[in-house]
Structures are given as C-alpha cells and as structure tokens.
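> Listed below, chain by chain, are the residues.
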Amino acid sequence: MGVEPLYPEENDGGAVRVKAGPPIAFLNVLLTVIWWAGWVFLGLFILVFLYAGLTFTGIESFKKSFVETTPFLVLISSGSVIIVALVFLVIVKQLRKISHTLVTGDPFVPENAKRLRKIWIAVAAGEIIRLVSTFAISWFSKTTNTVDLQAPDLRIYVWFMVLAVIILAEVFREGARLRQDAKLTV
Amino acid sequence: MGIRVNLDRVLLDRRMSLTELSDRIGITLANLSILKTGKARAVRFSTLSALCRELNCQPADLLVYEPGEHENSKAAE
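In order, the protein sequences belong to chains R and G. Residue numbers for the first sequence, in the working numbering: 26 to 211. Residue numbers for the second sequence, in the working numbering: 16 to 92.
Worth flagging that the hints you see were computed from the coordinates, not collected in a lab. It is possible that some hints are incorrect.
[What the hints assert, rightly or not] Computed list of lysine to aspartate or glutamate pairs in EDC-like fashion (alpha-carbon distance at most 20 Å, straight line): (1) R:K118 with R:E136; (2) R:K139 with R:D206; (3) G:K51 with G:E81; (4) G:K54 with R:E195; (5) R:K122 with R:E136; (6) G:K51 with R:D206.
Bound-form chain R, shown alone (with noise of 0.2 Å):
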C-alpha cells in the first residue's frame, strides 16, 4: 500500500528513505553474475544428464565413454546436482528480489518476509534432495560394487542456517507489520 510520508520533509530525511550505496550496487551485481552462473551451471549438468540417459538407448559409442563408473550412477548424481542448482536458483531469484527492494528504498515489506521463508524452505528442500540422493548413490555403488562412496552425512550447520533464516522471515514479517503501523501514524 502506497501511502505518503506524514510530512513532506521526510522525503529528504535519510532515516525514511535508504538510498543505495556501493555495497548495495556490488551486491546487486554479484547476485546478478551468480543468478547466470548458476544457469550455466544448470545447463551444463542437463547435458551430462541427457548424455547419460541416451546410453539407455542401446548405442554402444555413448556407453564406452562410462569407464570409471556406470551410466546409471551418473544420472542419479546429475539428477541429484539439476534439483540442487534449481534450488539454488530459487535461492538466488528470491535474493536478487530482496535486494531490488533495497535498491527502490523499502526492504520490509511482507513480501520480503515471504521470500525469506521460500528461501529457507528451498534451502531445507535441497538439504533434504541432497540426503536422498547421496543414500541412493551410496546403496547402489554398494551393491553394485562400482565406487566407493562416502555415507550420507547430516550437516548441522546448513539445519542451523535453516533455522536462522527462519528467524529472520520472522523478523521481517514483524518488521513490515510495525512499518505499516508506522505509516498509517498520522
């Protein structure tokens, strides 16, 4: 909801309105530079994923280049690192929005608190992907006897960052309700 600052002074007031400093424009364009990176990345692994899924065709040229390990290990693991880049995509978009509001002057908006909880639950997502995956991998190069791989690991610090996200998307729904509050304050 758009309102007007209560008076007309505020506007050049630097508590009201948060101009966008360097770190901000830096920010901006590393997220910029990642979100592409990541798309490349995201490609790259799509065409690993399809070269090993054509080896299911029966040409015997795709299955000779699989020397060290199977082609259907290479589809899981590709597979696994497609979903995780998705994620990271989603990670990536939602930040670069979050970042946008901070560039235009308003960061605590509610939408930013909803962006944060898609952050958090796309984080928590690819942790719980990346599990799976790595426990499948593990099995199948067990009984298949093809790579030793390490056992799937838990990483407490990414659930802590789960949780520190959380909190913040808490933070920030409180925030963008108290900045209504404020700007309904005649």
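Dock chain G against the given chain R, drawing on the hints supplied.
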C-alpha cells in the same frame, strides 16, 4: 476499530477544506485523508495538538469512541 474520526464534520462546521488544513498544519493531504477516512491506525499527540489548534476544538470533538462487535462481546464476558 472503536474510534471514529469526526474530522469531516468539524471541517464542515469551520467551513475549511482538507487542503487548507493540510497547508496550515504541514501534514500531507494523503495522510489527512487517511485520518479522515478512518484508515489511520494511530494518531500522534503532535498531530492531534496541531489539529485542535487550527480547528479551535478539543480532541473529543475529533475522536469518538464507538464500541464495535468485538468490544461488545468482550464486555459481555
């Protein structure tokens, strides 16, 4: 909410427009409109004081308490 703002009635009595009041007390027209239409969540004492000064009235002339359904059910408990 249980508080009703009588700004339009007081303005009518004083034969003053919202724009004129806005110029006099230095509050934007948009914010006075929020106050007049009852969308405001809070009123600063400084704003109330400026309104009373320019409209030559008391806070009670501008603000009226009207118990709503929520307040009525609470009182019944």
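> Evaluate each hint against the coordinates.
Cross-check of the supplied hints:
Between R:K118 and R:E136 the alpha-carbon distance is near 13 Å, which keeps this suggested pair within the 20 Å criterion. At most 20 Å may separate the alpha-carbon atoms for a hinted pair to count; R:K139 and R:D206 meet this at roughly 19 Å. Simply put, G:K51 and G:E81 have alpha-carbon atoms about 16 Å apart, close enough for the 20 Å limit, and the pair holds. Taking the CA atoms of G:K54 and R:E195, the gap is about 25 Å. The hint is violated against a cut of 20 Å.
The suggested pairing of R:K122 with R:E136 holds, with an alpha-carbon distance near 9 Å, which does not exceed 20 Å. This hinted pair checks out: G:K51 and R:D206 have alpha carbons roughly 17 Å apart, not beyond 20 Å.
Hint check: a violation occurs at hint 4 only; the rest are consistent with the structure.
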